[in-house]
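**Student:** Residue 429, in my numbering, is where the sequence shown stops; the numbers in between run on with no holes.
Don't read these hints as lab results, they were simulated from the structure. All values derive from a computational prediction rather than experimental measurement. Heads up, a few of these hints could be off.
Stated by the list, open to error - Derived DSSO-like pairs (lysine-lysine); straight-line CA-CA distance at most 30 Å:
1) Lys-367 to Lys-391
2) Lys-419 to Lys-386
3) Lys-367 to Lys-392
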Amino acid sequence: SPNTNPAVIAATKAAGLLSVPGFATPSEAFAGIDAGADALKAFPTDLVSPAALRALKEVLPANIPVIPVGGVTIEKIAEYKKAGAAGFGIGSAIYRAGSDAASVLKKAKGFVEAFHGLG
C-alpha cells in the first residue's frame, strides 16, 4: 500500500498477505510498524535519501526490512544497500508506456547486475 493506514494493514494481514506499507517520514514508519507491517517501503526516494535511510535504520526495529521504491536508479543501488536497504522496488526506471521488450530486458539486466555486484 502507498501509506500506513492501519485499516489497510489489518486487512492485508487478515488476508494472510505480507504488509509492506509506504512511508516518507519516521512517524509514518512507526505507525506502519505499530499497525503490524512486515516490512516498509521507503517512498519516494526523493524524500528518503540513502543518508535518511541510514539514520532511520538506527532507530527502526532491526527485524523490519526497508525497501526503497520510487526513483531508484542503478547509480544509487550501492548507496541504498550500504545504508541498510533490504531490497528495491523498481518500476518506471525499467518500463514506461510504449517501452519495447528488448529495452525493458536490457534495463532489468542492468539492475540485476548492479545488485549482484554489491556482494
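**Student:** Each hint needs a verdict: does it hold in this structure or not?
**Tutor:** Results for each hint:
1. The hinted pair formed by Lys-367 and Lys-391 meets the criterion: a straight-line CA distance of about 12 Å does not exceed 30 Å.
2. Between Lys-419 and Lys-386 the CA atoms are separated by roughly 16 Å; this keeps the pair inside 30 Å, and the hint holds.
3. Annotation: proposed proximity of Lys-367 to Lys-392 holds, straight-line Cα distance about 11 Å (limit 30 Å).
Checked against the numbered hints above, the structure breaks none of them.
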